[in-house]
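Could you build all of it, start to finish, from the sequences and the hints given here?
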Amino acid sequence: MNVSKVDAILSRVQAASGVVPALGGALVRVSWDASPNLEPFLAFVTAYARSRFSLTLAERVTLASAELLDNAVRYGSLAREFSYELASEGGQLSVIVQNCTVQARIDMLTAHLRRLDAGPDQVYASELERSLAPSGGRRSMLGLARIRHEAEMRIELTADVHSVKVRAYCSR
Amino acid sequence: MTQISQIEPPQLTSFQLNVTAPNLIAMAGTIAISDPGLVLGGCFRQIHEAALADGVRELVVDVRQLTFVNSSAIRLFVDWSSWVAILGARGYLLRFRTDRRITWQRTSFAVLQSLGGKSIALDGE
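In order, the protein sequences belong to chains A and B. Taking our numbering, the leading residue of the first sequence gets 1, the next gets one more, and so forth. Taking our numbering, the leading residue of the second sequence gets 173, the next gets one more, and so forth.
Simulated from the structure, these hints should not be mistaken for laboratory data. Quick caveat, the model's predicted, so the values are computed rather than measured. Ideal Cβ positions, reconstructed from N, Cα and C, are used throughout, including at glycine. Careful: at least some of the hints might be erroneous.
What the hints assert, rightly or not - Residues on chain A that point at chain B, a partial pick, calculated with CB under 8 Å:
#, residue
1, D70
2, D107
3, G143
In structure tokens:
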């Protein structure tokens with residue numbers, strides 16, 4: 001997809017969801033104050049990434065964007081404030097999603113990321129198996145496991161009392 | 173007329189599903205909607221039950237043109253694999269036709285095959 005076509009899609013996404021043209025290291029920066037419609041936004045991210053990166057890198061960006069945003073929408077607090085950033089800085093490409101949440105969720109994410117770092121392959125397989133359980137409550141863990149194992153991106157988390165910022169990153 | 177030929181594919185903008193009797197299902201596009209189970213879960217189950225009613229020995233699900241799915245959609249394939257795994261010899265062989273160049277297919281279906289045992293087969297190009 002060429003850049004002008006991406007720009008046309010961006011215009012439509014801007015109109016629909018409030019995308020703010022990015023500055024500095026950020027390539028795309030978006031914030032929402034209500035639950036976003038992810039499908040058109042992800043279509044834009046996919047087209048944008050394909051127009052600027054290799055197919056493999058674009059695939060990784062799409063996966064990280066989809067899973068982090070889905071987690072934010074699904075498990076964020078009722079405050080419903082989200083932000084998304086795709087950034088390129090210092091040879092690294094980052095997908096960053098921030099949302100309001102509660103401390104218990106932050107603690108759970110921290111513990112899960114520790115497990116993921118120790119053995120991404122094993123955690124991915126066990127999360128896939130766990131998703132057979134009737135409760136879908138662990139799907140977010142499958143999403144993070146996919147980012148780590150499938151997209152081969154590292155994940156770091158920063159949090160304060162009311163919000164969490166999850167960054168998935170890899171070399172360009 | 174077979175049961176499988178009467179399946180009505182869901183109408184989604186970014187996802188296409190085609191049924192070719194007696195035993196071929198082809199999927200294309202992407203699945204990135206938040207809760208794909210609501211739209212596609214019932215359809216997958218219908219296909220499974222139609223395959224059983226038709227008595228097919230093997231059902232081929234071609235996902236090579238399905239370029240991206242979110243983790244909620246992967247769960248649908250996990251469910252399907254578990255349905256045939258539970259039936260064992262009373263069911264059918266679920267054969268996924270995959271493209272190994274597409275990362276999600278390469279990683280997910282290898283694990284699905286290990287979960288589903290002899291009920292799941294993979295063709296990877």
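A quick look at each hint next to the structure:
1. D70: holds, 6 Å
2. D107: violated, 21 Å
3. G143: holds, 4 Å
Checked against the numbered hints above, the structure violates only hint 2.
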